[in-house]
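Residue numbers (UniProt numbering), protein chains in the order written: chain A, 1 to 320; chain B, 1 to 320.
Incorrect hints may appear among the rest.
[Stated by the list, open to error] Computed cross-link-like contacts, DSS-like style, restricted to lysine-lysine with a CA-CA straight-line distance of at most 25 Å:
# : chain 1 : residue 1 : chain 2 : residue 2
1 : B       : Lys114    : B       : Lys228
2 : A       : Lys114    : B       : Lys95
3 : A       : Lys95     : B       : Lys114
4 : B       : Lys95     : A       : Lys95
What the hints contain is simulated information worked out from the structure, not anything from laboratory work.
One letter stands for each residue in the lines below.
Protein chains: 2
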Amino acid sequence: MKVLIIGGGGLVGQKLARKLAERGTLRGETIDTMVLADIVDPQPVEAGFTVETAACDIADPASLAATIDDKTDVIYLLAAIVSAQAEEDLDIGLKVNMMGTLNVLQRCRELGTKPVLVFTSSVAVNGGEVEQPYNDQTLLNPQTSYGAQKAIGELLVNDFSRRGLVDGRGFRLPTISVRPGKPNRAASGFMSSIFREPLQGETANCPVDEDFNHYYLSPRKCVENLIKGAEIPEEKLGKNRCMMMPGRVWTIRQMIDAMTAVVGPETAERITWNKQPELDAILAGWRMDIRADKAEALGLEADASFEDNIRYFLEDDIAK
Amino acid sequence: MKVLIIGGGGLVGQKLARKLAERGTLRGETIDTMVLADIVDPQPVEAGFTVETAACDIADPASLAATIDDKTDVIYLLAAIVSAQAEEDLDIGLKVNMMGTLNVLQRCRELGTKPVLVFTSSVAVNGGEVEQPYNDQTLLNPQTSYGAQKAIGELLVNDFSRRGLVDGRGFRLPTISVRPGKPNRAASGFMSSIFREPLQGETANCPVDEDFNHYYLSPRKCVENLIKGAEIPEEKLGKNRCMMMPGRVWTIRQMIDAMTAVVGPETAERITWNKQPELDAILAGWRMDIRADKAEALGLEADASFEDNIRYFLEDDIAK
Chain A
1 MKVLIIGGGG LVGQKLARKL AERGTLRGET IDTMVLADIV DPQPVEAGFT VETAACDIAD
61 PASLAATIDD KTDVIYLLAA IVSAQAEEDL DIGLKVNMMG TLNVLQRCRE LGTKPVLVFT
121 SSVAVNGGEV EQPYNDQTLL NPQTSYGAQK AIGELLVNDF SRRGLVDGRG FRLPTISVRP
181 GKPNRAASGF MSSIFREPLQ GETANCPVDE DFNHYYLSPR KCVENLIKGA EIPEEKLGKN
241 RCMMMPGRVW TIRQMIDAMT AVVGPETAER ITWNKQPELD AILAGWRMDI RADKAEALGL
301 EADASFEDNI RYFLEDDIAK
Chain B
1 MKVLIIGGGG LVGQKLARKL AERGTLRGET IDTMVLADIV DPQPVEAGFT VETAACDIAD
61 PASLAATIDD KTDVIYLLAA IVSAQAEEDL DIGLKVNMMG TLNVLQRCRE LGTKPVLVFT
121 SSVAVNGGEV EQPYNDQTLL NPQTSYGAQK AIGELLVNDF SRRGLVDGRG FRLPTISVRP
181 GKPNRAASGF MSSIFREPLQ GETANCPVDE DFNHYYLSPR KCVENLIKGA EIPEEKLGKN
241 RCMMMPGRVW TIRQMIDAMT AVVGPETAER ITWNKQPELD AILAGWRMDI RADKAEALGL
301 EADASFEDNI RYFLEDDIAK
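Sequences and hints are given; from them, build the entire structure.
Shown next, in the form of structure tokens:
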């Protein structure tokens with residue numbers, strides 16, 4: 001079993017690689033080779049099997065031809081131009097998120113080996129004038145270029161799979177919280193930083209009201225779901241192979257209460273509550289009430305509670 | 001007012017051109033120039049204003065640059081690789097239906113003039129595991145490459161419009177019946193030929209049961225809706241600018257009864273009823289119960305009855 005992770009240098013890619021190294025198997029087979037590919041040669045992980053790294057640009061078919069060979073059984077396509085950059089630069093988003101996904105699919109078609117392709121879509125495909133809650137039957141009406149490009153990726157993955165050219169399956173990632181690392185200026189940054197920074201002894205600002213609701217998943221459960229996602233038998237995927245990955249809808253208040261239940265009340269006192277009017281319009285579109293019935297029926301799971309998200313951060317990621 | 005019809009050589013393009021010639025105005029302005037463009041130089045129409053024709057390949061950005069200039073106020077993008085060909089040849093469908101649509105949008109962006117773009121999507125974006133009736137809020141889960149490429153076009157039209165690069169609006173055309181012309185081998189061919197051929201004194205075969213239901217519109221109403229579609233004020237389009245064009249759900253029996261009501265019972269006796277098992281799987285996916293509430297609220301209209309479809313064919317199209 002040869003596994004390729006495109007986007008193997010990112011947060012989810014690295015965690016997925018470490019988890020696969022720990023398991024040693026995928027789809028009931030022993031992994032003998034894992035390739036971590038990213039736009040810059042990613043950090044390898046320790047494993048009991050061969051781990052290779054590669055620089056790969058999915059916007060370049062020749063680069064993909066060098067990276068995806070006919071021995072590759074499972075491909076994770078995690079690489080993407082993220083939301084803020086895709087909004088700033090339409091062309092780079094189209095080139096990587098849309099054409100890059102098509103290039104991966106065309107490479108699989110060219111090989112004729114019908115590999116399993118796990119594509120990560122995003123909660124950002126939702127939005128617009130569609131009524132909530134969003135479920136497996138609701139129109140994708142994205143309101144960012146990133147969301148539009150991911151929705152296009154879903155249509156391509158479905159069509160290439162329907163034609164038997166690849167065994168694709170796509171999962172729309174919830175907002176991942178608690179993300180490790182440094183604070184960033186992304187509009188969604190506060191959704192992790194209001195927990196991460198206080199848990200690490202720092203302050204952080206929350207720019208929305210306590211009743212702001214959104215759809216979340218921990219990094220640990222995300223990785224477990226990506227592994228399960230590769231293992232779903234093809235015949236169970238139905239006619240729409242792209243679906244919401246299970247997460248849970250929490251309000252900011254519920255999440256803070258969960259943090260308090262795990263670590264006591266002092267931590268939440270490090271959160272400040274200053275509105276950022278320039279973010280209001282963006283964040284209004286991010287209230288999201290979502291149902292992931294199909295993925296749940298296929299065995300994927302949300303966190304049991306946000307207390308778990310907090311515990312996983314403390315166990316897996318807190319800066320020491 | 002300069003109007004460009006890309007796909008101006010096709011059935012709908014020619015009828016639209018003739019209707020615009022007859023009206024002389026669009027969006028409240030006098031038309032001074034109309035350009036009919038198609039992959040081969042289309043037939044011009046008679047009009048009281050300048051009519052130009054052009055050969056244009058939307059898959060080629062240079063060809064589009066020569067065809068769409070900064071004087072163009074309204075663009076109709078009707079050109080496409082049709083369903084059967086896009087299913088046979090994935091690459092040509094991607095090149096024309098997906099990249100061609102993107103090329104038109106990029107050309108509009110390059111000009112910076114924000115023209116009105118009327119994009120024709122298709123009933124074929126519907127299908128898959130989505131429950132019927134399909135409405136303005138239901139997931140697009142197309143089960144043909146043509147449908148997937150049209151759904152991608154919708155996402156691109158919405159995103160370029162959201163960014164203010166074009167004033168796009170997309171309409172999913174119902175199955176057009178009664179189409180004039182010769183019988184063809186398309187799986188959907190019978191949906192026109194069982195009326196057209198008998199009305200012209202010939203026989204035709206119906207390969208489905210009397211209770212087969214689908215979603216239809218006459219060519220005349222389609223053209224009227226495309227004109228109204230260009231005239232909808234941008235601010236009324238909302239966050240999803242692509243919608244089903246109103247049609248009506250009829251069973252084969254209802255349509256035949258309508259024909260009999262208009263022309264008497266002898267005509268329907270020219271229909272034969274032989275199943276074509278090779279079509280069963282395709283046609284099972286074409287039973288379609290659809291609601292077009294949004295487009296109706298914006299003033300677009302279905303035929304009042306299938307008797308009207310028959311009358312329009314007799315008035316506009318019957319072979320003399």
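To see whether the hints hold, each was checked on the structure:
| no. | hint | verdict |
| --- | --- | --- |
| 1 | Lys114(B) x Lys228(B) | 19 Å, holds |
| 2 | Lys114(A) x Lys95(B) | 23 Å, holds |
| 3 | Lys95(A) x Lys114(B) | 23 Å, holds |
| 4 | Lys95(B) x Lys95(A) | 15 Å, holds |
Hint check: no violations occur; every hint is consistent with the structure.
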